[in-house]
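S.K.: Turn these sequences into a full structure, and let the hints guide you.
Protein chains: 2
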Amino acid sequence: MRDPSPARVSDEAGQPAGLTRAEIISVGTEHLLGQIVDTNATFLCTVLAELGIAVYFRSTVGDNVRRVQDVFRHALARADLILATGGLGPTDDDLTVAAVAEALGLPLERNEEAWAHVQEFFRKRKRPLSEQQEKQAMMPRGSRMIPNPRGSAPGVIIEHRDKTIIFTPGVPREMKGMVEDSVVPYLRERGLAGREVIRSRVLRITGLGESAVEDRLRDLMRSSVNPTIAPYAHTGECHVRVTARGGDAEVEAMLARAEAAIRERLGNTIYAADQATLEEVVAKALATKRVSIAVAESCTAGLLGHRLTGPPGASAFLDGGIITYSAARAMAESVRRQAGTDLGIATTGIAGPTGGTPAKPVGLVYLALAHAGGTEVREIHVGTEPGRAGVKYLASQAALDMIRLHLLR
Amino acid sequence: MRDPSPARVSDEAGQPAGLTRAEIISVGTEHLLGQIVDTNATFLCTVLAELGIAVYFRSTVGDNVRRVQDVFRHALARADLILATGGLGPTDDDLTVAAVAEALGLPLERNEEAWAHVQEFFRKRKRPLSEQQEKQAMMPRGSRMIPNPRGSAPGVIIEHRDKTIIFTPGVPREMKGMVEDSVVPYLRERGLAGREVIRSRVLRITGLGESAVEDRLRDLMRSSVNPTIAPYAHTGECHVRVTARGGDAEVEAMLARAEAAIRERLGNTIYAADQATLEEVVAKALATKRVSIAVAESCTAGLLGHRLTGPPGASAFLDGGIITYSAARAMAESVRRQAGTDLGIATTGIAGPTGGTPAKPVGLVYLALAHAGGTEVREIHVGTEPGRAGVKYLASQAALDMIRLHLLR
Numbered sequence: 002m003r004d005p006s007p008a009r010v011s012d013e014a015g016q017p018a019g020l021t022r023a024e025i026i027s028v029g030t031e032h033l034l035g036q037i038v039d040t041n042a043t044f045l046c047t048v049l050a051e052l053g054i055a056v057y058f059r060s061t062v063g064d065n066v067r068r069v070q071d072v073f074r075h076a077l078a079r080a081d082l083i084l085a086t087g088g089l090g091p092t093d094d095d096l097t098v099a100a101v102a103e104a105l106g107l108p109l110e111r112n113e114e115a116w117a118h119v120q121e122f123f124r125k126r127k128r129p130l131s132e133q134q135e136k137q138a139m140m141p142r143g144s145r146m147i148p149n150p151r152g153s154a155p156g157v158i159i160e161h162r163d164k165t166i167i168f169t170p171g172v173p174r175e176m177k178g179m180v181e182d183s184v185v186p187y188l189r190e191r192g193l194a195g196r197e198v199i200r201s202r203v204l205r206i207t208g209l210g211e212s213a214v215e216d217r218l219r220d221l222m223r224s225s226v227n228p229t230i231a232p233y234a235h236t237g238e239c240h241v242r243v244t245a246r247g248g249d250a251e252v253e254a255m256l257a258r259a260e261a262a263i264r265e266r267l268g269n270t271i272y273a274a275d276q277a278t279l280e281e282v283v284a285k286a287l288a289t290k291r292v293s294i295a296v297a298e299s300c301t302a303g304l305l306g307h308r309l310t311g312p313p314g315a316s317a318f319l320d321g322g323i324i325t326y327s328a329a330r331a332m333a334e335s336v337r338r339q340a341g342t343d344l345g346i347a348t349t350g351i352a353g354p355t356g357g358t359p360a361k362p363v364g365l366v367y368l369a370l371a372h373a374g375g376t377e378v379r380e381i382h383v384g385t386e387p388g389r390a391g392v393k394y395l396a397s398q399a400a401l402d403m404i405r406l407h408l409l410r
Numbered sequence: 002m003r004d005p006s007p008a009r010v011s012d013e014a015g016q017p018a019g020l021t022r023a024e025i026i027s028v029g030t031e032h033l034l035g036q037i038v039d040t041n042a043t044f045l046c047t048v049l050a051e052l053g054i055a056v057y058f059r060s061t062v063g064d065n066v067r068r069v070q071d072v073f074r075h076a077l078a079r080a081d082l083i084l085a086t087g088g089l090g091p092t093d094d095d096l097t098v099a100a101v102a103e104a105l106g107l108p109l110e111r112n113e114e115a116w117a118h119v120q121e122f123f124r125k126r127k128r129p130l131s132e133q134q135e136k137q138a139m140m141p142r143g144s145r146m147i148p149n150p151r152g153s154a155p156g157v158i159i160e161h162r163d164k165t166i167i168f169t170p171g172v173p174r175e176m177k178g179m180v181e182d183s184v185v186p187y188l189r190e191r192g193l194a195g196r197e198v199i200r201s202r203v204l205r206i207t208g209l210g211e212s213a214v215e216d217r218l219r220d221l222m223r224s225s226v227n228p229t230i231a232p233y234a235h236t237g238e239c240h241v242r243v244t245a246r247g248g249d250a251e252v253e254a255m256l257a258r259a260e261a262a263i264r265e266r267l268g269n270t271i272y273a274a275d276q277a278t279l280e281e282v283v284a285k286a287l288a289t290k291r292v293s294i295a296v297a298e299s300c301t302a303g304l305l306g307h308r309l310t311g312p313p314g315a316s317a318f319l320d321g322g323i324i325t326y327s328a329a330r331a332m333a334e335s336v337r338r339q340a341g342t343d344l345g346i347a348t349t350g351i352a353g354p355t356g357g358t359p360a361k362p363v364g365l366v367y368l369a370l371a372h373a374g375g376t377e378v379r380e381i382h383v384g385t386e387p388g389r390a391g392v393k394y395l396a397s398q399a400a401l402d403m404i405r406l407h408l409l410r
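Protein chains in written order, with my numbering: chain R, 2 to 410; chain B, 2 to 410.
Incorrect hints may appear among the rest.
Chain copies aren't distinguished; within one or between two, either way the pair holds.
Calculated cross-link-like contacts (lysine to aspartate or glutamate; reagent style DMTMM-like; alpha-carbon spacing at most 25 Å) [said to hold, decoys possible]:
#1 K125 / E211
#2 K164 / D216
#3 K164 / D71
What the hints contain is simulated information worked out from the structure, not anything from laboratory work.
M.R.: What follows is the structure in structure tokens.
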């Protein structure tokens, strides 16, 4: 990838004494057939970075005893902590724990706490308990179970010599819950979390392209090694990721200083930091300022209303909308008048792929915002490359930004 | 993961003579920090399955010479073909090719074809060519370059003893283009593609829950080993994946037979096979049958109009819409009358998280479809668990399905 910065933060710096080296192992043939995208491994990396635990390798293997053992052997040779997901269920193909127990020379025994959990899980759901289900309670001697309130298969922790192996289910909801509820506290208690953490802050920009963002930040990006600063282009917006490594308070201070320097250069093109979406920011501003709005949509055809009502509480400010085919200025003024709202917002344009003319090409979008002080009209050209869905999305993005900027005045 | 079936197809069957064993390696510290989801590896797995090449392992490593070499050494010991992505760019952290060349004892030389490509890339974009860019043309002696029409870094193929190593960029668009344009033809020409392919067909079901689908297919799922049949739950729909392994014609016949058997049991709850979405199926049916429609949205607040206009050509049948707060039957009839369309569809309900009452709890949704023969009203309860976005989506899904089933009559 093109951004070299995070590498310098995590990989090229010397390894501090006592730093835990972790490896993530995803088990399941569905990964190797390309049938699912491995968001579990991504989630686990984020959690470990926040704990200051270094992840140097990730491995993926199918439901095959010999190959699972091969992957765990490599991992045990180069990591202190192994976090595995998948293959904990009741079927013949769920073989992760048994394969690793065999490789370590540990006999499998029924864990009574785990067995009670499995039985309870089936009783509560009034589902018949088959013999096969007992498998989920079979664990290597000396290991401990991790509760799984969201599914039938408990997790397993093996502490073997100086290594720790943690098994979690492959179902993302169960895995995430288990990691947050039990694995993170366990890693902290065991003292495996590092004194240094790696933490990121993402500043979200709209209305300014990636190259313009880069131009304004180039010297900062070059001179700053910790934290690193790197822009990423997304549809209709640009994110600047600041990544810092150090002690908890030190990292917070570094992130805050970098954010201040970036805000100085990008001003109110930054609509939020971290997780908030543009629609959430706009919905909050409308609700806080008690501004009502009505939408008239042609090229966005409902997407703008949909995004505005994504965050809760929209009925407090959204007083109606129409999907229509007409001119933007007239639409915005008419919907505002008819709904009796403070604002009227309208979108119209050519989403394509057909319907374009030399005078009105695909990707031409008009936006209008009618308010007490008059009506503003914006013309944007997004071209044909984003495709139909892209044109609709970019038009809704530009409309939300018009509302946001209006409310900033 | 819970579905054991694909494992049996790909992993437990004996390895046919001459089967190419592949390993996928993703290089980039951003993976290990959890900053991106690795869709590249998923894509490559799909491509290799279709070529009948077995993927037994996937590995991910950061931008670190020693660790990159470690991962490639393991891969060379257990695979015939290595497909790597990432770390081909011009910066210091792009070190994949140099690290592997060193591990193999091959000197780096400037590949003149690659260097011409890099120069041309910068000339065309009127960007200054820095000295650093030459790095992208440095390749191990005896290797060949792969054209990259979408970016600056060419790919590299090393044929070393009986092993083949292919390097592609980490930028998904560049990688996918290169694989489709050059890598797949290369693998076929070299005879690395297998005689047996692994291919899937996905049947898409709505209006029937996962457990009901399982109940109707249980005996088929149990008795069929090749192809395997497995259901997957998604929001508002269920997918049944049929995966077959064998010669090209044999696989097609197996998939067709399995599809026929499944259709016999699930009837018109199957709305499509493979990639088509529910909105695409509905839009096509409206356009083909020349049926016009208008939407009145309360709880979906634009999402239904948005989904109906996702596929191209919607202006031929969608004659308008309103976002309003009212009762579903009256909304559907009124929007149909006012827009003068064949159909009027309305959604209303409590998306939450607040606004629910004992009589009208969060997750209660009313749908109405007004047509020449009268107005149908449906009441559905999706509960609070899906959350606000889930309630909106499930309501739009049920509305699309009402239109679809009406058009089937």
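S.K.: With reference to the structure, classify each hint as holding or not holding.
M.R.: Hint check results:
Taking the shortest Cα distances, K125 and E211 sit within 25 Å of each other only across copies (19 Å), while inside one copy they are farther apart (53 Å). Proximity of K164 to D216 under the C-alpha cut-off of 25 Å is found in neither arrangement, the shortest distances being 47 Å within a copy and 44 Å between copies. For the homomeric pair K164 and D71, the shortest alpha-carbon distances inside one copy (16 Å) and between copies (20 Å) are both at most 25 Å.
Violation of the numbered hints given earlier is confined to hint 2; every other hint is satisfied by the structure.
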